[in-house]
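Novice: Single-letter residue listing:
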Amino acid sequence: TQLLEQSPQFLSIQEGENLTVYCNSSSVFSSLQWYRQEPGEGPVLLVTVVTGGEVKKLKRLTFQFGDARKDSSLHITAAQPGDTGLYLCAGDSSWGKLQFGAGTQVVVTP
Amino acid sequence: DAGVIQSPRHEVTEMGQEVTLRCKPISGHNSLFWYRQTMMRGLELLIYFNNNVPIDDSGMPEDRFSAKMPNASFSTLKIQPSEPRDSAVYFCASVGQMSGEQFFGPGTRLTVL
Numbered sequence: 001t002q003l004l005e006q007s008p009q010f011l012s013i014q015e016g017e018n019l020t021v022y023c024n025s026s027s028v029f030s031s032l033q034w035y036r037q038e039p040g041e042g043p044v045l046l047v048t049v050v051t052g053g054e055v056k057k058l059k060r061l062t063f064q065f066g067d068a069r070k071d072s073s074l075h076i077t078a079a080q081p082g083d084t085g086l087y088l089c090a091g092d093s094s095w096g097k098l099q100f101g102a103g104t105q106v107v108v109t110p
Numbered sequence: 001d002a003g004v005i006q007s008p009r010h011e012v013t014e015m016g017q018e019v020t021l022r023c024k025p026i027s028g029h030n031s032l033f034w035y036r037q038t039m040m041r042g043l044e045l046l047i048y049f050n051n052n053v054p055i056d057d058s059g060m061p062e063d064r065f066s067a068k069m070p071n072a073s074f075s076t077l078k079i080q081p082s083e084p085r086d087s088a089v090y091f092c093a094s095v096g097q098m099s100g101e102q103f104f105g106p107g108t109r110l111t112v113l
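Just so you know, the protein sequences line up as chains A and B, in that order. Heads up: the first sequence at position 13 corresponds to 13 in the numbering used here, and the numbers run straight through without jumps. Heads up: the second sequence at position 103 corresponds to 103 in the numbering used here, and the numbers run straight through without jumps.
So that you can see chain A by itself, here it is in the shape it has in the complex (with noise of 0.2 Å):
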């Protein structure tokens, strides 16, 4: 079973400031998930790298896949109280088929 470890698995900010999750894999993903999910709702996908080394911006998120297709991260700049959720990252293995890490729960307040 490969494994995505999510750090940390909570974060509480303050509305403004920068906040950084990690997901983190001993084994190569062909692809990788960012998902966001808001109580009583399923995850809803913010984005799917591909290649190591991308970096992708999704207006003040950005997300980086590493060189080795191992791991992952997620920056947000400037969080406002509408980036509140639950973050999970998802390996793809075999196409279709995704891991997902425990996930980070992100609070941010006004």
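For the record, the hints were derived by calculation from the structure and aren't laboratory data. Among the hints, erroneous ones may be present.
To be verified - Taking lysine-lysine pairs in the PhoX-like style, the calculated list, with each CA pair at most 25 Å apart, reads:
no.	chain 1	residue 1	chain 2	residue 2
1	A	Lys57	A	Lys70
2	A	Lys97	B	Lys24
3	B	Lys68	B	Lys24
4	A	Lys97	A	Lys56
5	B	Lys78	A	Lys97
6	A	Lys70	A	Lys97
7	B	Lys24	B	Lys78
8	B	Lys68	A	Lys97
9	A	Lys56	A	Lys70
Following the hints, position chain B against chain A.
Specialist: This is chain B only, laid out in the frame that chain A set:
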């Protein structure tokens, strides 16, 4: 467009009862996944179907769990008999053939007393 539809949204039942969870994937999607989410174990893949055929059921906890996909627009996950440790949120997700994005339903929160 309607997303993935799951029913019921909430289910409370007593230990030993049969529970059936339902999922309608997005029209045109050809892969369907069933997940279970708990605080302790996070999001776990139970089973997935491709073109209505079960491909990998290695995540199904035990024989009490079964899943079917009789056609492209409907799937069920059944637990018989249910136990308190089955309490969790169960999600269904579907994927289109050309996209790797999984679209999740809103989930069914199951409580087994």
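Novice: Does each hint fit the structure? Answer for all of them.
Specialist: Against the structure, the hints:
| no. | hint | verdict |
| --- | --- | --- |
| 1 | A:Lys57 - A:Lys70 | holds, 19 Å |
| 2 | A:Lys97 - B:Lys24 | holds, 19 Å |
| 3 | B:Lys68 - B:Lys24 | holds, 12 Å |
| 4 | A:Lys97 - A:Lys56 | holds, 22 Å |
| 5 | B:Lys78 - A:Lys97 | holds, 21 Å |
| 6 | A:Lys70 - A:Lys97 | holds, 16 Å |
| 7 | B:Lys24 - B:Lys78 | holds, 15 Å |
| 8 | B:Lys68 - A:Lys97 | holds, 18 Å |
| 9 | A:Lys56 - A:Lys70 | holds, 16 Å |
Hint violations for this structure: none, all hints satisfied.
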